[in-house]
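Peer 1: Both chains are given apart, each in its own frame, so use the hints to dock them into the complex.
Chains as they are written, first to last, in the numbering used here: chain P, 1 to 141; chain B, 1 to 326.
No lab work stands behind these hints: they were computed from the structure. Ideal Cβ positions, reconstructed from N, Cα and C, are used throughout, including at glycine. Hints may contain errors.
Reference listing, derived: stretches of chain B covered by chain P, where coverage requires no fewer than 3 residues with Cβ under 8 Å from a Cβ of chain P [what the hints assert, rightly or not]:
hint, region
1, 60-66
2, 76-83
3, 90-99
4, 115-125
5, 136-142
6, 231-242
7, 261-273
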Amino acid sequence: MPHTDPDLRPMPEQITYANILFYGAWTGIFLLFATYALYVLGVVAPHVDVHLVSQSWHLGVQDYLHVTDSPHGWGWVALLGQGDFMNFAGMTLLAVLTIICYLVLLPGYLRRKDTAYAVICILEVLVLSLAATGLLGGGGH
Amino acid sequence: MSFNLGPKLRLAGCGAATLVLAHPGLAVASQAAAAAAADGHPWWFWPVILFFFCFVLGIIAVLAGVGGGVLYVPLVSGFFPFHIDFVRGTGLMVALAGALAAGPGLLRRNMASLRLALPMALIASASSIGGAILGLYLSNLNPNIVQVCLGATILGIAVLLLLSKNTERPEVTKQDAVGAALGIGGLFFDEATGEKISWKTHRTLTGLILFIFIGILAGMFGLGAGWANVPALNLLMGVPLKISVATSKFLLSITDTSAAWIYLNKGCVIPLMAVPSIVGLMLGSFVGVKILSRAKPKLIRYMVIIVLAFAGLKAVDKGLGLGLLG
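Chain B on its own, in the form it takes in the complex (with noise of 0.2 Å):
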């Protein structure tokens, strides 16, 4: 089954998201005089750049193939003036919408592995909750806390990104016990060279604790998990990268639902600002995938690297209150 919106369709539907979305001066007119925001800009202004700029990073996230919820939450927050509250919130529905649309493509191709999903996310969700709960409690403290552990762990996925070399196919040559209890493995088409292959896990046992760590990072700071769950799965767990890529991408719409409910559920998702930043990612990624093969993926990749260890300093300088980097 495949439901194919045509290329005039979407193009409709593009047209008709820039025009609702930036066309401010149809908005609201029933309100005469309108109170400037805060920092002195009408109310639509920063919704605005909100959508724009998530189409880009759509695009960007695509060709660098890192989720838009790694890049959205660290830049959105260290540039804009929303809290760091209802950026993580909102960084948490971007992220959960991405892995929405794209997980059933991958569920139907059986490229995402559900025995193999299934006892990460669970892991994994119940401690982004925790996490959830652990980062609104920092940030009810002191904000700059949140900031500040934010910029380290970006700081980190920087180094992971540019450091990880992952494996198209590790040699797997026994399955641990509790891989083999949970009977994690399969089958899969490589399309690239027209072989099945065949798969299996092993240090499945350190793979559930590190997902432990890895959903308690993505529920406190709302980001996306896809930069820790594939070297997890293919460098740790030893499953071919098409699988640990694939999974991972349906794995967030597990692990994100559970933390974006507790940021939903405290009020911390405002809408005027969500609704632009879902649906701006979203077309942008429509656009990345469009254009990837014409793209150089690895440059754009070092870039992205660049942009996420400054917006890691970023961070942390504004966490600091050092105001080094404006």
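Chain P with its partners taken away, still in its complex shape (with noise of 0.2 Å):
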């Protein structure tokens, strides 16, 4: 049996990732799940109006945001409590989980005295989160 082969068994650090992307994911998935529910039932009243969002969707992004007065970056965490705008607490946690899953790879490669893999896992947070920032490519507007 595979799992039972020495030679075959995954190292314990990537049965963790397994587990923090499995928990993760849909946790994330079943979040936005009730988080659009309570937006598109009226349960939460939105920042931007569905029939506004609707007429406006054809618009490039930067038309977008200004016809709907909509935030970039991170200024969505200030309208977390927006029906339309919890949903990206979802999509965050579904974007956020990687890196979280790399700092767990990170310990074992360095106790493997493994430094080209930790090395590339360092790398790996940095642009993740470079990404993350939200510094490059800049803002909407």
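Peer 2: Right under this line is the structure:
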């Protein structure tokens, strides 16, 4: 059996990575579903009226943000209480999972003195974190 | 450790999803007079259509062995009224969600190789940021540029899918210096034959360079990159097909994360269309897995290639403003 054969067994950090990914991904997806229900059922009022959204989604992103007075970057955090922007919580969770998982891998590679892969992990965390900051690519305006 | 939802709970989940996502009558009741969308439809019309469309797409993607992202972006940008900025942003979220959901199983069974994935992912994720920024810049100049480039890329993908003959177990006689230095290789258990298969790579440096272009394309067009990852790993680098497919799926979770952040931060993800897309495609994928054993994957794959070719032509037609395809 593959899992009992030591040659075929994945390293413990890989299993931890898999577990974080599993629970995190499904939490994110269920969270998305729940917040979307609150949004479209009108339980929580949105920042942008749904009619305005549908009237504007044919516009390019800059025009759309201007017409709907929507934030860019991490500005959505201030609007977490609004029905539409609540959905960003789930999407952000999905987008941040990989960074968390890499941080789990790093100690394992350091312990094994696998310098190359430890450096790769650190670089990847930096790349993903930089993308997450919103500093790259400019804002919506 | 396993997390089996059970068939009743899954069915309940599917039912609840359909109820919420397809029940516009319950929605935003406080807004009495519904102002029509720009094309005259009520606001809920396109999200509902999108949900069912993505549900079908999810089934087809599994049966054809292609990613949801590569189908989502060209088809939705060609046939729905959403601007291509939002289609690409959502396409990445769709591909990301799918990859994150599939990743755990592949990692636990040691089918996805971290030693193979991590160097490629670093290259691809960094370049996908560049691709995303470039794509958004070109779209801001003139969205037709991106539309035409997308169409040409999709046509290229259709050709690649048609012509590429993946090899179950490529022969790698000697590992190259880069692959050896990184220790890229491993063992996997082939359940079909009951064998332990040892593998290693060659042309690793060429593969790393190729992943720069794969990352740029993925970021620029909001596509998942599975269509390129698998041939690169299998045909170029000599990785066994099962490891290539599994590692590619896992790779997407990293590559798409970096590009998704760019689109998220730019405001290119509209929840009203993104959530039905993600949920629809994931539900469709579950159904696709269930019926996979009864379906004829090869026939469906050819149908998908035809659909992709049409979608590519449609995108070019739309971008050039020819109007030949409606």
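Peer 1: It remains to establish, for every hint, whether it holds in the given structure.
Peer 2: Tested hints:
| no. | hint | result |
| --- | --- | --- |
| 1 | 60-66 | violated (count 0) |
| 2 | 76-83 | holds (count 3) |
| 3 | 90-99 | holds (count 3) |
| 4 | 115-125 | holds (count 6) |
| 5 | 136-142 | holds (count 3) |
| 6 | 231-242 | violated (count 0) |
| 7 | 261-273 | holds (count 12) |
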